[in-house]
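So the sequences go chain by chain: H and R. Under our numbering, think of the first position of the first sequence as 132, with each following residue one higher. Under our numbering, think of the first position of the second sequence as 4, with each following residue one higher.
Hints should not be assumed to be uniformly reliable.
[What the hints assert, rightly or not] Which bits of chain R does chain H cover? Going by a derived footprint, with three or more residues having C-beta under 8 Å, they are:
#1 68-76
#2 138-144
#3 254-264
Don't read these hints as lab results, they were simulated from the structure. Note that the Cβ used here is the ideal one computed from N, Cα and C, for glycine as well.
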Amino acid sequence: MKDSKKVYWKGIEQLKNSSEFVKNANAEFAQPGPEEDLGHSRRDFLKMMGFGVAAASLAACEAPIRKAIPYVQKPVDVEPSLPNYYASTYINGGDYCSIVVKTREGRPIKIDGNALSSVTQGGVNAQVEASVLSLYDNSRLRGPKAAGKKIDWADLDSQVIAKLNEIAGKGGQIRIISYSILSPSTKAVIERFKTKYPTTQHIQYDQTSHYGIVKANEESIGSAIFPSYDFSKANTIVSIAADFLNSWGSTIENTKQYAKTRDVSDDKKVMSRHYQFESILSITGANADYRTQIKPSEEGAVAIQIYNTIASKAGRPTISGGIEKPNVAKAAEELWANRGKALVVAGSNDKSVQTIINAINDMLGSYGTTILPNIPVNFKQGNDAAMAAFVSDLKAGKIEGVIFLNSNPVYDHPMGQEIAEGLKTINLSIATGYKEEETAAAAPSIFIAPDHHYLESWNDAEPKRGFYSLSQPTITPIFKSRAAQESLLIWAGETNADYFEFVKNNWRNWFYTNQSMDFQTFWDKCLYDGIYEQPIQGSGSVSFTGDVNAAARAIASNYKSEGFEVVFFENGTVGNGSQANNPLLQELPDPITKAVWDHYATVSPKDAKEISFDESFTKFASITINGKTVKVPVLVQPGQTPGTIGLPVGYGRTKAGKVADGIGVNAYPLVAMVNGSLSYSATNIKFEITSENYQIAQTQTHETHMNRQTVIQETTLDKYQDGSFKEDHYQPMINTWKDPDHKMDPEKLSLWKGHDYKKHHWGMAIDLNTCTGCGACVVACNVENNVSLVGRDEVIKRREMHWLRIDRYYSSDAAPDDWKGLEDAAENPEVVFQPMLCQHCNNAPCETVCPVAATTHSTEGLNQMAYNRCIGTRYCANNCPYKVRRFNWFKYHDNKQFQDVNPAMNTDLGKMVLNPDVTIRSRGVMEKCTFCVQRIQAGKLNAKKERRDVRDGEVVTACSAACSTGAIVFGDMNDPESKVAKLLKIRPLYPERPLINDKESDNPRAYSVLEEINTRPNIWYLTKVRNKDTNKA
Amino acid sequence: MAVTSAVRDPLITGGKTVGDVSHDISRHVENKPTRSWYLAMAISLVLFAYGLYCVCTVLWQGIGMWGLNKTVGWAWDITNFVWWVGIGHAGTLISAILLLFRQRWRMSINRAAEAMTIFAVICAATFPLIHMGRLWLGFYWALPLPNTFGSLWTNFNSPLLWDVFAISTYFTVSLVFWYIGLIPDFATIRDRAVRQGKKVRAIVYNTLSFGWQGGAKTWMRYEAVALILAGLSTPLVLSVHTIVSMDFATSVIPGWHTTIFPPYFVAGAIFSGFAMVLTLLLITRALFKLEDYITIYHIELMNIIIIVTGSIVGVAYITELFISWYSGVEYEGYAFYNRVSGPYAWSYWSMMTCNVISPQLFWIKKIRTSIVATFVLSIIVNIGMWFERFVIIVTSLHRDYVPSSWTMFHPTMYDIGEYVFTFGLFFSAFLLFAKFFPVINMAEVKSIVKSTSEGTQGTPREVDQTRH
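Okay, chain H solo, but in the shape it has when bound (with noise of 0.2 Å):
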């Protein structure tokens, strides 16, 4: 190449050598490429795509950020996985019970009763267990706020003290509303408020009134109280449309009372006989021997021809306006022959009817034994006639400012709208529920002040006189709101407002006296068991000066059988509706209806021929009440008086939040003031039954238990006593080879020797006789297992979730053998209630079907479910006679599906509530009870910590737990001194083989249901005594 002469040029460029090209002559490329022309190159591109691709692939593989944050420095009281359980004190209005709460890790999960407590002795009902998950409610208030919008705890402060002071500086009236206040520390707050602004007047209302009683006592024996029932002394007990044992009085004292009266055994013979006159079938007229339907205009009447026929006997002169009705004579035959140990209640809020029943117990002697005055009761301290006074000053514009203490009356009081149209003009309103509700929501210019949930909050309670109890908090206060007695405190310009402080200093000066620990031992001994009793002071003697004769007349003057009447009751589910927002309760089977999610108005089956109820398909109705009209479902009620229908309070909420609003319509403007006080009832009132159809949601549609000996197994007491009742108890027998007229137990004939339990074996009791029905143990159940609500829609598919529940039986006037009839309903049906949940067979038919075996024995006894290894045939739900198994259907966590009906596993704060030691199920697989098998396990580890056996009674099941009466008793077959072994006297089928699953009971009530199959479960029911005369049964 050296020698070559030739020159070779790029191009004409190099050749011309001209500046542009000497200028780039040592570019790679001699023009300018794309990259450097463009704003954005390929490269640019390639990397916005690599990054792209980088993105969106991080972004679907991103996982959810699960907060499970680790205790840094761990709290001295809590150990991870160990739960704390802290005395406090359920307080909802005027209801009231002494609890025991258990938490994890700091929050609140479970409650239970606190036996110590003398009022509710460890009973629990339905409201009380579901309350811990409106403590995670989701329509709860997250701060204060004044005219709806968002403000400081100072400024709301400040704002509220001004206008006060405004209206205290002109004397401008001041009103603070609340329900019955069981706290006396509250009250001195409220003291304290009103000696700061003078002009204020504190009015209590109660959902349900009770006013009528309080009045009728003040004239019959002087003291305007509600006195203490003792019905546990009582032979007999009529109730005239009392329903004691859900809404009447202090329902968990009353139901433990009744339960002790129920109860039979070898050693106890007797019972009491209650009887029940009313319209509606209650609960409690449905554990009654004796139901009499009446009308509600008839409860006087009925009361009268009690007193006359008592009064003939005592010698005293009889009133007029009595009325002739079944069983009434022989009610009052057997109550004058139980003097002093009868007992008559009536549920009528009118002054006039409980006069009579005051004069009756009177007669009776019953003040004293089985009613105590001296003891009055706090939970019903409403005043219609200061409520109604409070209504027409606030329509006329004489007060300027009102505090809502924790009280909703917009909702839930019967002049509502009027408060409501009234607090459109107001200077200053005030509510510091822990809920933004229909009276907050009424008021334009209201401050609102939010309180603790009653879990977050200190206070004390008086439910009766001389019994204190305290509730302590037991989370730190989610939110922030402020303890409503502290804000009053703040606004009475108190300095140290510090609410603790006040209960502990109160109850310094109020029951630390004479005592011989210091102050700190005592404080701290009340907190640790909740409650502090005092002696009990004074006789329960009156004398009666109430005039019966005036009381006749005002009956036969207020009362007149006209046209359709109506009945508004509590139901035993929502009850008055101040916890209609908790999925709980809304899924809760009424114990009677066994309706959930729906309003209904219950109708005899006489008065709705049009409906056949099939498949609680029904239809609409309209009812017109004093002028006003409202439309609701028909529920074909069997027991319901002819003639009148019945009409659920609790319903129509409009500002609870999501899962209550908008079911139904709201009963309580229904309600009217007669003879002075709120009348629930009411006659002549319009009833048509319309052509709009509808289905309501019920878990169990077919009535009647068809005769079926093997499932319900009823008596009479007098049977029982003489144990003639043996004869109709139904015990399957085969003939055998040996001789024509050898028979025997087929149980006993097995080529399999059965399950050897060494240990432990599990078993349960359940009392036919003592179970209410009132639904506490499925709400417990629900909470300890963390059982999904599935709502209104997967109810009516027939597909509710719970482990446990209540079968609702009513008797049936056709012969054993005529199968139609069977299925109607008496007319006034005689009921029995049934909790039914997985019986732990023995002999499973579940086990045998599953074919991946994820269901199986235990070694105690326990028939368990192996959720991981359930694949879903659903053979085993086929072959479960008792029908408890429940299936997954759907993903029932985490599914936007069902955030509104099962907060709990679908909303962050709703989580907070499930019990971590229990698995939540995934879609597709099956559940069932598990004997609360998460509880034996603790037990046993706590026991195996101490080097102990368990003891009895230390591992108990929710339901047998939170059952008032007693009616569950769970234990450990294998020790012979357990309360359940001894209370089924339990022996070994084969002596020779103690341990053998074969166990059989010789408790003469005992009985396996459905025993002919030989599935041999681990729980056996006790025969349902009813006192009744066999004549007539």
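Using the hints, position chain R against chain H.
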């Protein structure tokens, strides 16, 4: 094999020669499908697509898309399963039992019947799969596979597990039996394809025929295998539905817990299987013009089997009713009282009418030799047999022991969709079979034509006259 009696009616009419047989059957494989085939295929695919949507929705959302509830845990799913399994019985019965009994009339119909069996069993198998709450685990957990879960094994007590074995064995044996029967016919098609110069077809069918050459020794082995498989299949015909019936019979539910179930189910299965074979063959016969191969005589013989099995089923129904009363068990008694007069009485009486009364019409010769009547009745029988399973499953479950749990069952579009899915699957598969596989067993039929490849022998009409 080719022993024919001069006094019997020929099974194949129309004076067909062996060559005619090859031609008549193979031309459907060789020619383009007809317009009616396309139409039928299109309809089947639409059904299949709709059904697939329903299946996928159920798998995605959960079994809750169906109308099942806490009390009725099985309804349409297992009804359809048992129904399809029942239909799947005819094929093996025809090929195995009738082979052992030397019923030569079966030769024209066994191929289609066996194909139907296989497709019906596939359709049946979809239900136990889809009905599982967790199919993604269940499809292999139900098999006794070694695993890392320690000693975790399937539960050999469970009739559902027996089902897994019974159905899979039956399916395998049926498939092998069917395929082995197809081999010589595939070879025929291949040979024709070679002659016609269709290379691709020749390769495909050669592969399908495993290179069948038709040597005498091969034929000998072939027939030995056929006999062995027939022997193996025979107990299966009885065992499959016996085991399916044990799903119910071993349970404790009144109306299920019945010792009569195994023979009753087997009879019912043959009953419905023959009805379905008739439905399908009558259509195929018309579409493919196979009147000479599937004659009235065939139809009549099958109708006689329907009378026999239908009567057995009828006796079983009445026995159940009698025993429910005679046993004195109130639950059993109520279960049947409820079937007869309860809210599902309409399904019970539909079952009784379709299954017990309608087949009795076949006692009349005119009806059992009428194509139209046979077709209508075959469909009625299948409707009846569906109701039988529905009655057994749903009416027993919906009101069993504890009255508080009594419910009704209402199907949703997804219950129906799943059923439609299997129809789409079945007919699509059957149409593909009819197009690509010889619908009649040429090799066997050639053994019964009264002719040789050299020319016609015998005069069927004369025989006819002597006989009547």
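Going through the hints against the structure:
no. : hint    : result
1   : 68-76   : holds (count 6)
2   : 138-144 : holds (count 4)
3   : 254-264 : holds (count 3)
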